[in-house]
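**Q** Put together the whole structure using the sequences plus the hints.
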Amino acid sequence: MSEISSPTSAANQVAGAYAGRRAADMPLARLVRNRMAMLGLAVIVVVTMLALLAPVLPLADPNAINTSARLKPPGSPDAVLGTDQLGRDILSRLIWGARVSLLVAVLAAGIALSIGTLIGVLAGYFGGLIDNVFMRLIDVLLAFPYVLLAIALVSALGPGLINAMIAIAIVNISFYARNVRSAVLSVMSMEYIDAARAAGASHLRIIALDILPNMIAPIMVLVSLNIGWMVTETAGLSFVGLGAQPPTSDWGSMLADGRRFILVAPHAIMMPGIAIVLLVFAFNSLGDGLRDALDPRLREGGR
Amino acid sequence: MRRYITQRLLSAVIVLFGVSILVFMVLHLTPGDPVEIMLGPTARPGDIERLRAELGLTDPLPVQYVRWVSRALQGDLGRSIQLNRPVLPELLSRFQATLILAVAAAIIAFSLGLLLGVISAVNHNKLVDRVVAGFAMLAVSMPAFWVGMIGIVVFAVNLRWLPASGMYPPQGAPSWGKLLVHLIMPATTLALVPMAVIARFTRSQMLEVLGQEFVLTARAKGVPRARVIVDHAFGNTLVALITLLGLEAGILLAGAVYVETVFAWPGIGSLMVEAILKRDFPIVQGGVLVIATSYVLINLLTDLLHAAADPRIRVT
Amino acid sequence: MPPEPILRVRGLKTQFQSAAGVVRAVDGVDLDIYPGEIVGIVGESGSGKSALAYSILRLTSGRIVAGEVQFRGQNVLELREAEMEKLRGDRIAMIFQDPMTSLNPLMRIGTQIGEALRYHLRLGRRAAAAKAAALLQAVHLPDAERRVHDYPHQLSGGQRQRVVIAMGMSCTPDLLIADEPTTALDVTIQSQILNLISETRQRTSTAVLLITHDLGVVAQLCDRVAVMYAGQVVEQGRTADVFADPQHPYTIGLLRSTPHGRRRGEPLRPIPGQPPRPGEIAAGCPFAPRCHLAEARCQHQAPDLIHIGGGRQARCLLRTEVAYEPAP
Ligand SMILES: Nc1ncnc2c1ncn2[C@@H]1O[C@H](COP(=O)(O)OP(=O)(O)OP(=O)(O)O)[C@@H](O)[C@H]1O
Ligand code: SF4
Ligand SMILES: [Mg+2]
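If you're matching them up, the sequences are chains U, R and P in order.
The opening position of the first sequence corresponds to residue 35 in my numbering, with each subsequent residue numbered one higher.
The opening position of the second sequence corresponds to residue 74 in my numbering, with each subsequent residue numbered one higher.
The opening position of the third sequence corresponds to residue 291 in my numbering, with each subsequent residue numbered one higher.
Please note that the accuracy of each hint is not assured.
Label pairs and their computed distance ranges (CB to CB) [as the list claims (entries may be wrong)]:
#1 Arg69/U / Leu232/R: 30 to 40 Å
#2 Lys376/P / Arg385/R: 30 to 40 Å
#3 Pro61/U / Arg158/R: 51 to 61 Å
#4 Ala337/R / Ser308/P: 50 to 60 Å
#5 Val201/R / Glu373/P: 22 to 32 Å
Keep in mind that the hints were calculated from the coordinates and are not lab data.
Where a beta carbon is used, it is the ideal one built from N, C-alpha and C, also for glycine.
**A** Encoded structure:
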């Protein structure tokens, strides 16, 4: 098999692009120097750790109803962030809710990413009819304002967290497919792909060894830019009642619960809202930082 | 130009065709029998059969599709199960409310977004630029439904400056002034994300244009810096901004779903959420179709507007 | 009595702040331009030619840290920005390399030519448009009256560069700075544009500062030439003298490396090595690492630009200074 299509050749290409630059210009160094991105990363790590450790943390039972302690304000001795309309501990519900919100967002991103990358790679690599058909299908998906498509899908599948996740995943296939396709096209124009083809490497081999390794950087940027949006969107669907159904609850459904009591207990919507903003802000700053460090060509407007 | 227009029209028609198939399939994707779901567990078998025949669900799919489309083209989108009224008039009156909200939000978003973007670009890397960037990042990270609720707590409940919900007060005759007062909070809430997107886009576009050689050429001609920004950079930025119209419309229509729910705005978004929860499929189907169609039309208009504004497209 | 130079640059230094440190793009340049002459500037890519040109007009994005730029006896570095704007496009004009990008795609070319006329000559819209058409005629753009209504994309590259020249000449400046005005064009178009520049110069007696990579162009067009290396002028003199008898080792190398400079029958010999990277310039002669004549003292003693007779200057320790004598 030709030497040119070996996996290291792609790595060399990337390394080659940075050869002669100083270490300070390398993507990782640029990312680390970006204070906002690092702050975002820290928030994400902390929230993820809290979510993972929820079962072993000394938290009140998130579902323990205590009608004598309803809507207690933050700072109460036994409920740091207060309680909700059923007397449940908000801090505990936030942390348990983070598990749901994060899991749904990560799974939805995973699904959208896998299918979108598959479509993007096939369309970009083979071009021609395959490209045309896929891109027309993507055009149809894009003909819907994105939440609307999610709503249409939830209406078909029925309200519920899993269905909301599936809907959000499907909506975002087009985002990944289009961006991956254009990344593939730019890789395809490099000489070593032609060389690999001329050397008789199979399509599968070229895709696996030359194309996909070059997709890692753009995909990392896409995911980090996209996942914050998925957190908001899951919360949104839960908020209007199309996502998490009781007894499951995420940050969106906590907001929906608190909404009925905003007159008497605004903290019930403050806490989950701040949690969402914090996490989404963290993902967005990390995504921006990654984009600037890895792939400055991915610019605004990519949704 | 003529060829470009025909091309765009043709692709819009193809996309609309795809949209109609997708919307049609939504009903048939549903796990379980849609009629049984619609009528609920207490339905009698006779009713189920009758509704099924009435909806034509016993025919082959292509036949159903052709019938559905030809009816839709004549303005017949079926009857709402919940309201027992024709779907289309209901949808259109709700859509009108959404349009009022979206247009108001668009005006806010574009005027403020442009302003912030230009200020940022002109003060590239200075403090103002950083502050605007931070604000934009924060704005896109805040869910509209949460911002809306905070707004209600602050401006309606505590300060009592603005009404908390609805399009008009419950009593009295509707008037423009009352509408305006009711619009302020929902429209501002809805405008937040698109405003941030426009500000960022304007900034990066403006910086790109300012870095181009023709800007330098203009400076070398002796055109004062402020005039270069107004006469050369801003025009090119605006033309590029037109391409963002479609995206913005999408953000606004989508965000309207949440903002309408929070502020009880009688728009098509809140109507659809209610309809899904009540399993009123004709409303959902019709609503999706109406919004998607108008979105496709907006995108078509965007492209035509861009072609009209940019001489490079105009002649070809 | 020799004429006063119209432009007198002394000790000009322009620096850029980059991630790799301070880039000394222009590092103490002395240059005189006399009324009506064409002065060529040559030098490898990155030697600071453009940075020098932009600095003269105060359009550089870098920082001018030292020196003087005297235009008709006045130091333009001391002018207020509003006064500078009055100078730009009126007394000193500049045209750029790429005619594809140096015109605003959304503005009719007549309007773009008219801009300078409106700002400097205070012409009204109508008068500016009429003058624009006349200017286009003067640069031999066919169908000029109709063309003023065209947008840039409707013109070919060569036609656009004619528009750019018409724009630069619109107020009949005393000095036209042209930064590689033909690099982006086809070979046949190149010579047409160069002819146009020299023809225009003859008609208006505008002095021209012509930046180019092409020594053939210099030989054909320029009265005098300045050779730049690492942000400095290393040799300067009348074109014929410099080409016949280069006095700086870099100029010798440059001439040998191009078909126009070497003697008939001699092979092309590129200069070995690379120009110094920004921030790498140590003590001594910046050219020393690549110089075939370098001596031990070159490593630590930096040469000055000295007069070497015949109105020529060179920046090399091997040359000996003579008393200043004006250019013959
Ligand atoms: N905006 C900038 N920021 C940082 N460094 C710059 C900038 N512009 C120019 N430089 C640096 O200044 C030096 C001189 O650049 P300049 O463009 O003047 O070269 P040049 O002689 O015109 O080259 P060319 O023949 O390629 O046009 C180079 O080292 C360049 O990297
Ligand atoms: S000073 Fe020395 S190194 Fe520099 S050009 Fe002259 S001989 Fe060469
Ligand atoms: Mg240059």
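**Q** Falls inside 30 to 40 Å, the C-beta gap from Arg69/U to Leu232/R?
**A** holds, 36 Å
**Q** Should the hint that Ala337/R and Ser308/P are 50 to 60 Å apart at their CB atoms be regarded as holding?
**A** Between Ala337/R and Ser308/P, where Cβ atoms are some 56 Å apart, the hint holds.
**Q** Given the hint of 30 to 40 Å, check if Lys376/P and Arg385/R actually sit that far apart at their C-beta atoms.
**A** Holds - the Cβ-Cβ distance for Lys376/P and Arg385/R, about 33 Å, lies within 30 to 40 Å.
**Q** Assuming the hint says 51 to 61 Å, is it satisfied by the Cβ distance from Pro61/U to Arg158/R or not?
**A** At 59 Å between Cβs, range holds.
**Q** Is 22 to 32 Å right for how far apart the beta carbons of Val201/R and Glu373/P are?
**A** holds, 28 Å
The structure shown violates none of the earlier numbered hints.
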